[in-house]
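Student: One-letter residues, chain by chain:
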Amino acid sequence: MTDGGSVDRFVDRHEQVTEDIALVVEDTELPRRLRDEIYENVDARGGVTTEQANEIAQAAESRYLDTRVDPLDPVGTVSAQSIGEPGTQMTMNTFHYAGVAEMDVTQGLPRLIELVDARKTPDTPIMIVHLDEEHATDREKAHEVVWQLEATKVLALGDVSTNVADMRVTVDLNEETLLERWPTYDDATEVAGVVSDIVQDSLGVETVLTGTTIEFGPEEPSYRQLLQLVEQLREIVFKGIEEVSRVVIRKEEVDSGDEEYVLYTEGSAFADALEIEGVDASRTTCNNIHEIHRTLGIEAARETIINETMETLEEQGLDDVNIRHLMLVADIMTNRGTVESIGRHGISGSKESVLARAAFEVTVNHLLDAAIHGEKDDLNGVIENVIVGKPVAIGTGDVDLRMGSAPDTTSADD
Amino acid sequence: MAGQTPKEIGGINFGLMDPETYRDMSATKVITADTYDDDGYPIDMGLMDPRLGVIDPGLECRTCGKHSGSCNGHFGHIELAAPVIHVGFTKLIRRLLRATCRNCGRLALSDEEKAEFEEKLQRTKDLGGDPTDVLKAAVRQARKSSECSYCTSTDPYLGEVPTTQYDIKHEKPTTYYEELEVPQSDLHRRLSSAMEGEEEVVKPEELAEQVNERLRKERDRLDDTMGSRADNPEVETVEAADIQSLMSGEGIRGRTRPDRRDATLLKHIERVLNVGNDERLIDTSLDKLMPSDIRDWFEDIPDEDLEALGIHPQKSRPEWMILTVLPVPPVTTRPSITLDNGQRSEDDLTHKLVDIIRINQRFMENREAGAPQLIIEDLWELLQYHVTTFIDNEISGTPPARHRSGRPLKTLSQRLKGKEGRFRGSLSGKRVNFSARTVISPDPTLSLNEVGVPERVAEEMTQTMNVSERNIDRARQYVRNGPEAHPGANYVKRPDGRRLKVTEKNCEELAEKVEPGWEVNRHLVDGDIVIFNRQPSLHRMSIMAHEVVVMPYKTFRLNTVVCPPYNADFDGDEMNMHALQNEEARAEARVLMRVQEQILSPRFGENIIGAIQDHISGTYLLTHENPEFTETQALDLLRATSVDELPEPDGTNEAGREIWTGRTVFSELLPDDLSLEFTSSTGDTVIIENGQLIEGTIDEDAVGAFGGEVVDTLTKVYSETRARVFINEVASLAMRAIMHFGFSLGIDDESIPPEATEQVDEAIDSAYERVQELISTYEAGDLESLPGRTIDETLEMKIMQTLGKARDSAGEIAEDHFEDDNPAVIMARSGARGSMLNLTQMTGCVGQQAVRGERINRGYEDRTLAHYEADDLSAEAHGFVENSYRSGLTPEEFFFHAMGGREGLVDTAVRTSKSGYLQRRLINALSELEAQYDGTVRDTSGTIVQFEFGEDGTSPVKVSSNEESAIDIGSITDRIVDAEFGSEEEKERFLGRREAPTNLSEYAGPGLDKAGGVGVSDD
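Heads up: the protein sequence lines correspond to chains A and B, in order.
By our numbering, the letter at position 205 of the first sequence is numbered 226, and the numbering carries on one by one without gaps.
By our numbering, the letter at position 595 of the second sequence is numbered 602, and the numbering carries on one by one without gaps.
Incorrect hints may appear among the rest.
No farther apart than 27 angstroms at their CA atoms in a straight line, the calculated lysine-lysine pairs in the DSSO-like style are these [to be verified]: (1) 272(A) to 805(B); (2) 14(B) to 141(A); (3) 14(B) to 397(A); (4) 397(A) to 143(B); (5) 397(A) to 127(B); (6) 805(B) to 141(A); (7) 520(B) to 14(B).
To be clear, the hints were calculated from the coordinates, so they are not data collected in a lab.
Source: prediction; values computed, not measured.
Given these sequences and hints, build the entire structure.
Tutor: Shown next, in the form of C-alpha cells:
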C-alpha cells in the first residue's frame, strides 16, 4: 500500500505513466525492478489505458508470485543436492586453465572439494591481475607490472659459479636482464649494485662488485658454508612477490570489445599485488578465499566462493547449475563472519545439537564432550528429530493443522 | 500397547553419572562371571540375570514382569575392586591434573583470570563455538604457574611454602605420572666432584654455612611475600656433618639414604656450588598416580573452578570420570544367540563383561590375601585394560581385545561409530516394513506416473482400509478373496484391537464378520500411491511417488521417460518400493512427490523428464523431412494417444488419397494455443504457432529430457498434468513413428567408401610427417619453447595438437561420406544417443590415447613397449591409434587403448567415493535451511542465512538457470495491449486469475487420459 503522494515520482519520470497507472502498479506485490520495468514498457508502447496497465500488472504479479520460492521449502537440501549430484559427473584431472595453455590449475571435483573445504591455501593458487588503463594496453608497461609481481631469483638474472679452490662464489649478471627487470635504471652496473646490496644484506657476507659481476665467499674458508651460501643465494627474492613464481601475460578482449593485457600469476599474494602500481584493484582477483577474506572482507569472500564454484562447474560443462544454489552454500560458509568449511571442522562440527554432530562424524567424542559440558539437546533441528523419531520441523513438517470450528467469516472477501 | 499414550521427547540432557546413581538404577549387582547354569537357566547375579531383562521367549522379567519383546531391559552393576579410568576422558583428566593443585585441587588461576575465561566461555556458547577450545586455553594458562596460590605445604628446610606443582606425564592410554624431584642415585659422587670444583675445593663447613645463609634468605623472602606465614620454628638447618654423610652416600637426619625430602636442600646446594646442567644433584623421577589418587585429587576441585573450565559441576563432577562402579548393560543390548547345535554364543559385550568380572574377582581375592604390591598393580592394570576395551576397543597403543577366532571385539564405542554404527546405521536410517525391491524393466504402455508392481509384491504390501458403511462391500470382497488371490487382504483388525490373520481357510467366514469400524489390510490395487526409489539417491527426483498398476511377472515396470531422473537403465538395475501407511503420507506423496510434480529439476530449472533415445529418433524421423502419411498410417501413429480424430488433411498424394504430414500428426499432441520458436539440436529453427508445428525438426531440444523446450514450456505455462499427458503421448507417438519407419544400426552403417579411407590415411600420414618434422627440429635443438614451458613439454603439446587435428580431419572426412539417413548420424544429430566423435572413432580413427592428460609415456625404460626403440618420440610409440574401431586395432594400439580405458575406470571409482562424501557433507551442512513465509532463509534455530533466497526470492525450480529474468514484461504488455485473446477464459488464464486445477491421479481429475470422458485436446 502506497500513499498517493509517493507515486508522483514515477509519473514525473515516465511520460506515459498517469497517476492512476502508477497507483495500480504500486498496489501490486511486485518488487521494485519489475514495477520499473512495467513503467518503462508502458512508456515505450504509449497509449496504454489504466485498465490495460492493471491487467499487465496483474499478469506480471501472478507470474511473479508463481516463480517465488514456496514458504517452508527445504532450500538447503535442494541446493546441496543440486551441487552434489553433478559432482558424480566431474573429472578428477588437473587441466589447463581456460585458454592459458601455459598454466595448470586444479579443476573439476578436486577443486570443488577444495572450495567447500575452505582450505587455507588452494592446491594451485593463482591471481588474475587486471591492469589500469595506463598499463593495460601497453605491452611495455604491462611488463613493468609483471616484474613487480614475479619473484626474481638469482638464476633468472645470471650465472652462478662456485670456485671451490678460492672458496668464492661468482655471480655473473646478465646486463640485458637487469635492465629489463629494473626498467627505471639506465645503467646495468647500478642495478648490479642494488642486487649486490641485497645479497650482502640477506646473506651477511661482504660482496665485491666489479661491473655486473658479484663475488663473495664465506668469512672463514669452509666448504660446507660455501655450499650453504649458494643454496641461500638461490632463494633470495631480488624483486617481486615471493609467492608468485610465474606470471603469464595474455591479451584478452574485454566487454567493450577492446583488447587489454591481463596477467595470470602462479602463486598468490593478493594483498601485496593490490598495492602494486598499475594494478586495477577493482578487477583483480585471486582463487584463495581466505586471502580475499583477509584483504577485502567477508562479502568479497562470499562473492569469490560463488564465482569460483560457478567457474569450476562451468569448466566441466555443468553451467546449468542454478547460481542460487551456489549462493546458499557461500552464504552458509560465510554466515558467521569468517569462512567456515563444510564438514566436521566447520559448519557440521559447530552445530548446536549434540545428536546432529554425533550423527555426522567422530560420534563418540562429541557425546563425551557433551557430557563434560553438560549440554542439552533441545531437538530443534532436522537430524535430531529423525533420530528420536519425531516429525522434522521443515517443509510439511513445519505446518500444524488443527481441526476446529470455522472462524466467523467477516473478513472473507478482501 | 493399546491405551498407551506415545511419549514425546522434549530434549536430551548429557552428563556424567554419579556412581551412586549407577547403584540406584541397578536391578542387581553382578558378581558371577558365568551366564547360564547346566540346565540353561540364567544364574542369579550373573551376567544373564533375569532381573536384567529377558530375551528368551516365555520367560518373565524379574524386574518389570514383562515378557521378551516388551521389556526393554534393566541395568545392573559391577562394584569394581579398585577405581579405573574411563578411556574417553583421558585427555581431560590430563588437563585437569595439570591445571589444578596437587594438594588442594584448586584451579591455578586468579579470580580475574577465572572470570575472564567464564566470560569467554559464555561468548563461545553464544556464538556456537567449541567450549573445549576455551578449556584448553584455560588449562594452558593455569599450567604456567608452578606454585599453588591457594594452599601451602610444609618443607623441612623452609617451613610453610606454597605447594609446589609438578609436571604431569601421560603415558597413553591411561597411565599418569607426576615428575617429582629426587636426589640423583649417584648423589655422593656428584656432590663430591661438584665440591672439588675446577679450581677451588669447597669444604663441607663452608658449604653448610652458605646453604644455611641461602635458606635463611629464602625464608625471609617467603615471610615477605606470603604475608601471614605460620611460624615454623622447627625448620632444619644443615651442618657440615650432614654434607659429609651425603658425600658418603648416606642419608641425613637418621635416614639411610637421601630422599625426596632433601630436594630443597639439594637445590640450594646446587646453586651454591653453581652446578652445571649435566651434573645436577636432583633427578626427576616418575611417580605413578593411581586412579584412586586421581579420584581423590579431583574430589577436591571446587565447583566454581570447574565452571571456569566449562565443566558442568552438577551434571559432571570430574571424579566421576574415574569409575568405581561399572554399569552392566541390560541383556537386551547384548542378546546371546543359540546356534543350530544348541550351543549358546554370547555377545561381544558379554564376553568383555565376563573378563572384567573375572579380573575384578581375582583382584579382590588377592588383595584380601595380602598379595604383594606388584601383583596388585598388575591386576589393577589388567582390570583397567578390560574396562578400557569394554568402552573402546580401538585405542591406539593398546592391543585390541580379541575373540577366540582372532576377530577384534565390537565394544561400546564401536557400536556407535561409523556408517553401520548406532547413529548412522540404526537411528538416522532404519529398516522399514512395507518395502519391496526387485529388478526393473521398461513398459512404454504405462503412464510416467505409474509403476508396474508384480502381483507377488502387491499381495505382500498392504494398505489399511477403515471399514465404513460406504466401503464395507469392497472390504468384505477383499477379505473373501483371501491372502492369495490378488485383490485380497492379509489381516483384519477388530475394533477391540485384536489382529486376525486372513487365511485361505477362514477368509469366507471372516468376510462375513467384517463390520464398520474394523480395519482391513488389503492388497495394493491399481491407483494406490507408492514411493519408488533408486539408489544412489543423489537428488530429490531419485525418490518419487507412482501410482500402482498391478501386473503379472516379477519385475517393477517403468515408463522409459522416468529413467533420467532415477538415472536408471534396464541392465539389471533394481529399485525399491515403499507402500505408504497413513493418509497424511499418501496425501503428501500425491500432491508433492508424484512423478509429474517432479518434471522440473531444481538444479537447472528445466524439465528432467522428457523423451529419450528412440523417442527422439522417432520424432526426428516424423518431423525432419516432414513425411506424408495416409489416413490409416496417421491413425496408426496416433493410436496410443488420446487423439482419435484427424484434422483436415494436408493434401493428396499422387494416388489422390488424402495425406497428413508428420508435423501435422505431431501437432495433434500440442495444446491449441501454444506458440514457440527455438533452434533444434539438428540446427533448424522450430516454429510452433497456435499449436501447429509450422517448420523445424522435433528432437532433443524440443521434447528431450534435460531442457526440451516444448516440455519445459508446457510444464511451466500450462500445468504439470498437461506436461505429463504430452510426454506420455510423445513417447507413444515416437515409438509408433520409429516402428513405422524402421530403425536399425549395423556394422555396415559405420563403413565409408575406399576413397574416403584413403583420404583418412592421407590425413593421418601427413600428421605423422608433421610430427616427424617436430621431432627433428626438437632433436636439432631448434624447437622454440612456449613461455613458461620446457622444450620437452612444448614438443609434447605440439605433437598432441597435431595428432588431435589429424583425428578431427579424419572425422570430417568420414562425416562427409555419411548419408543423411544413416541411423548413427540421425542419432547423433538429433541428440538421441551418441555423438559425432563416437562415429569418428568407429569409422575414421580412434585417435590419441592419454593417461593423465598426456601421451602414454609409461612402461619400459625410455619406451612404452618393447616393440619400439628407446626414446622413440613418434606418434605410434606413444599411444596414437590410427585405426578405427571398425577396422580393428593392432595389438600395440589395443594395449594403449586399454591403458587409457583403465585410467577411466579408476577415475570413476575414485570419483564416486569422493563425490559421495562431498554430497553427504553438503547435505549435512545445509539440511536445516528452509525458506520462510517472509522470504528469508533460516536454519531451524532461527539464524537468518539469506534475507531473500538467491537474492531475489526466485525459485530455482520455476526459472531456468540461464534465464535472466523469469518474467518478460515486454511480451505481457504486447499481448495485453494487442488483446490477442481467443476467449475470455483464455484471458483469465493469461492474467493468472484461473489456476490450473489440481490433479491427484491418473484416474481422476481434469486432464486425464485413462478414464474416459474428459479428453486433453480441448484445452
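Student: So if I understand the rule, the pair passes when the alpha-carbon distance is 27 angstroms or less; does residue 805(B) with residue 141(A) pass?
Tutor: violated (36 angstroms)
Student: Are the Cα atoms of residue 520(B) and residue 14(B) separated by 27 angstroms or less?
Tutor: Since the Cα atoms of residue 520(B) and residue 14(B) sit roughly 34 angstroms apart, the hinted pair is violated (cutoff 27 angstroms).
Student: Is residue 397(A) close enough to residue 127(B), meaning Cα to Cα at most 27 angstroms?
Tutor: Between residue 397(A) and residue 127(B) the Cα gap is close to 19 angstroms, so the pair holds against 27 angstroms.
Student: Given the hint that residue 14(B) pairs with residue 141(A), test it: the Cα-Cα distance must not exceed 27 angstroms.
Tutor: Violated - the C-alpha atoms of residue 141(A) and residue 14(B) are around 47 angstroms apart, more than 27 angstroms.
Student: Tell me if the straight-line CA distance from residue 14(B) to residue 397(A) falls inside 27 angstroms.
Tutor: Holds, because 19 angstroms separates the two Cα atoms, which is no more than 27 angstroms.
Student: Tell me if the straight-line CA distance from residue 397(A) to residue 143(B) falls inside 27 angstroms.
Tutor: holds (21 angstroms)
Student: Do the alpha carbons of residue 272(A) and residue 805(B) lie within 27 angstroms of each other, as the hint requires?
Tutor: holds (21 angstroms)
Hints 2, 6, 7 from the earlier list are contradicted by this structure; the remaining hints agree with it.
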